[in-house]
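A.B. asks: Chains as they are written, first to last, in this note's numbering: chain A, 5 to 106; chain B, 246 to 639.
I should point out that these hints are in silico values taken from the structure, not numbers from a laboratory. Watch out, some of these pointers could steer you wrong.
Said to hold, decoys possible - Straight-line C-alpha distance at most 30 Å; calculated BS3-like pairs for lysine-lysine:
#1 B:K361 with B:K298
#2 A:K12 with A:K22
#3 B:K531 with B:K293
#4 B:K524 with A:K20
#5 B:K431 with B:K371
#6 B:K524 with B:K361
#7 B:K293 with B:K431
#8 B:K293 with A:K93
#9 A:K20 with B:K293
#10 B:K431 with B:K580
#11 A:K12 with B:K531
#12 A:K22 with B:K535
#13 B:K371 with B:K487
#14 B:K535 with B:K371
#15 B:K531 with B:K589
Stated by the list, open to error - Computed list of chain B residues with no C-beta within reach of chain A, every gap over 10 Å:
#16 P417
#17 E440
#18 S484
#19 A604
Every residue, glycine too, gets a C-beta built ideally from N, C-alpha and C.
Take a look at the letters that make up each chain.
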Amino acid sequence: MTQNAESKVTLPRDAKGKRSVFFDDPAIDQIMTFILELSAEVSVVYDRMDTVERLLDEKGTISRDDIEAYRPNEGVEAARNGRREAYLKRVFRMHQESGQKE
Amino acid sequence: MAPQAHHDLMVDTTHDEHALQSYVSNLRMYILNEIGGGLSSVYEGRVKPAFEKRAGHAPQDEHDVRHAMMADPYCRTWSTMMRSCQEMIWDSIIPSIERAQPELNIEATRLAEHPKGSMTLDPNVKIPRYVSASDIHLMPGNYHSERGANDVSQGALYDRGVYVYAAGNGGPYGDSIGRSLAQHLKIRFPDLQPERILDVGCTVGHNVMPFVDVYPDADIHAIDVSAPVIRYAHGRAESFGKPMHLHQMNGERMTFEDESFDLVMSVVTFHETSHTAMKNIIAECKRVLKPGGLMIHMELPRTAEMDPFDAFYIDWDSYYNNEPFYQAFTSTDMKAAYMDAGFKEENYIEVMTPDIYAAPFDTFEAAASGPETKAKRYGRLGESIHWTGWGAWK
Chain A
5 MTQNAESKVT
15 LPRDAKGKRS
25 VFFDDPAIDQ
35 IMTFILELSA
45 EVSVVYDRMD
55 TVERLLDEKG
65 TISRDDIEAY
75 RPNEGVEAAR
85 NGRREAYLKR
95 VFRMHQESGQ
105 KE
Chain B
246 MAPQAHHDLM
256 VDTTHDEHAL
266 QSYVSNLRMY
276 ILNEIGGGLS
286 SVYEGRVKPA
296 FEKRAGHAPQ
306 DEHDVRHAMM
316 ADPYCRTWST
326 MMRSCQEMIW
336 DSIIPSIERA
346 QPELNIEATR
356 LAEHPKGSMT
366 LDPNVKIPRY
376 VSASDIHLMP
386 GNYHSERGAN
396 DVSQGALYDR
406 GVYVYAAGNG
416 GPYGDSIGRS
426 LAQHLKIRFP
436 DLQPERILDV
446 GCTVGHNVMP
456 FVDVYPDADI
466 HAIDVSAPVI
476 RYAHGRAESF
486 GKPMHLHQMN
496 GERMTFEDES
506 FDLVMSVVTF
516 HETSHTAMKN
526 IIAECKRVLK
536 PGGLMIHMEL
546 PRTAEMDPFD
556 AFYIDWDSYY
566 NNEPFYQAFT
576 STDMKAAYMD
586 AGFKEENYIE
596 VMTPDIYAAP
606 FDTFEAAASG
616 PETKAKRYGR
626 LGESIHWTGW
636 GAWK
């Protein structure tokens, strides 16, 4: 992310202290982080594509500035929330035999 | 996520940052509710029976439950997802705050120029170790880090972070606990007409600002040890047109006069201080309270009143979400702490209120007008959202 050159403010990215590890092999925790981050990237790309499609429907032709300036209204945000929830259910489906409620 | 109420210190996001924050919010709710919702059946279905077979008795306390649960793959998966998602909240916001500088600090300074309220900073306030030693909730830089004059970055990070964390469920102003408390007190104690109200540990003022609406004739004061959050709270309040008096001050050593407030309150402050600090703060609250005034602290539920599984669930954050004082706090007897500070037993009160945004108003009103309610399971565990508090009249 480009920073305002004038400000040169840099905020720390990591919290103090040792990062919790939950699995015997810490690589599993690391991989889970990768997967969650990837899932976020996919969702962001999907929203961006949705913006492009909606703007094209509306205007026929668009610029990058149109995309950057676009903010979902309440109805669009609700549709995207629903889409994200369904996406989460598909991607992060816990196996029944792990004990999740039927 | 419903939109956050706009004010002049809110940081602009790019299209994709907005999309990312929205997703992280959805993700957190999914992990918390959908995956987390399976934890109790994992416990009852296999973890508890295996423990009983091995130990010859049921798990005795939350520590037994924790050791057994944290060995289970379902709980480990949930835990590592919770931890990563918490980090992702802050990561989704930090770049936008960096980009907003230096205009953000300049805007905060501008908002403070013709105030309806006031701000008093005290560079002599030392950041206590319970704030400086740990980044609470994994928020990098915690409440107090400053990068040059007039910095409000940590206030901006906390304001947006809490909103994403709660998926907007705290209302557009993120004030659900404070607004529930203020409205509850107004209904329950109609004779309480405070002239001066104090909030101890206010951060960016989320939970004290509704007192301006509910008690419009009162002078509202709020303190915090951190200058960045006080500056941000002041700018935010001014931008909303809510007069509040913000002070950089340590609740353990307040500079207010004796008997100068009618109502002294806090919202989820104690579980982020040490036990010693909590005792000092209670003593100070008593000192600054007028005779006949009310002290009330909204906090996490007591684990002593819960079964071992619920206590394990509540205290998970203490171990894995940088909440070093959480577990010690949830096992503290608040009534005893108040008696130790010299409050009388007959003046002790408890608050258990439904969330003002989640409950129908007649339910909310009934809970405030009737006898003290006791929900069996509340907070994150209950069927509906309830907030709890412990108070005493002086």
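A.B. asks: Now tell me, hint by hint, if it's right for this structure.
C.D. replies: Structure-based check of each hint:
For the proposed pair B:K361 and B:K298, the alpha carbon gap of about 66 Å is over 30 Å, so the pair is violated. With a C-alpha separation of about 28 Å, the suggested pairing of A:K12 with A:K22 holds against the 30 Å cut-off. Between B:K531 and B:K293 the CA atoms are separated by roughly 45 Å; this puts the pair beyond 30 Å, and the hint is violated. With a CA separation close to 26 Å, the supplied pair B:K524 and A:K20 stays within the 30 Å bound.
Between B:K431 and B:K371, the direct Cα distance comes to roughly 36 Å. Violation of the 30 Å bound is thereby established for this hinted pair. Among the hinted pairs, B:K524 with B:K361 is inconsistent with the structure: their alpha-carbon atoms are about 34 Å apart, more than 30 Å. Using a Cα cut-off of 30 Å, the hinted pair B:K293 and B:K431 is violated, with the two alpha carbons roughly 45 Å apart. For the hint linking B:K293 to A:K93, the alpha-carbon distance of about 27 Å falls within 30 Å, and the restraint holds.
Of the supplied pair hints, the one linking A:K20 and B:K293 is violated, its CA atoms being roughly 34 Å apart against a limit of 30 Å. For the hint linking B:K431 to B:K580, the alpha-carbon distance of about 23 Å falls within 30 Å, and the restraint holds. Taking the CA atoms of A:K12 and B:K531, the gap is near 45 Å; set against the 30 Å cutoff, the hint is violated. As the CA atoms of A:K22 and B:K535 are separated by approximately 45 Å, the hinted pair breaks the 30 Å bound.
Taking the CA atoms of B:K371 and B:K487, the gap is about 28 Å. The hint holds against a cut of 30 Å. Restraint check for B:K535 and B:K371: satisfied, since their Cα atoms lie roughly 27 Å apart, inside the 30 Å limit. The suggested pairing of B:K531 with B:K589 holds, with an alpha-carbon distance near 12 Å, which does not exceed 30 Å. The beta carbon of B:P417 is kept farther than 10 Å from every beta carbon of chain A, the shortest such distance being approximately 12 Å.
Under the 10 Å C-beta cut-off, the non-interface status given to B:E440 relative to chain A holds; the minimum distance is some 40 Å. For B:S484, the requirement that its beta carbon stay farther than 10 Å from each beta carbon of chain A is met, with the minimum near 20 Å. Even its closest Cβ contact with chain A, about 23 Å, leaves B:A604 beyond 10 Å, as expected for a residue assigned away from the interface.
Hint compliance for this structure: hints 1, 3, 5, 6, 7, 9, 11, 12 are not met, and every other hint is.
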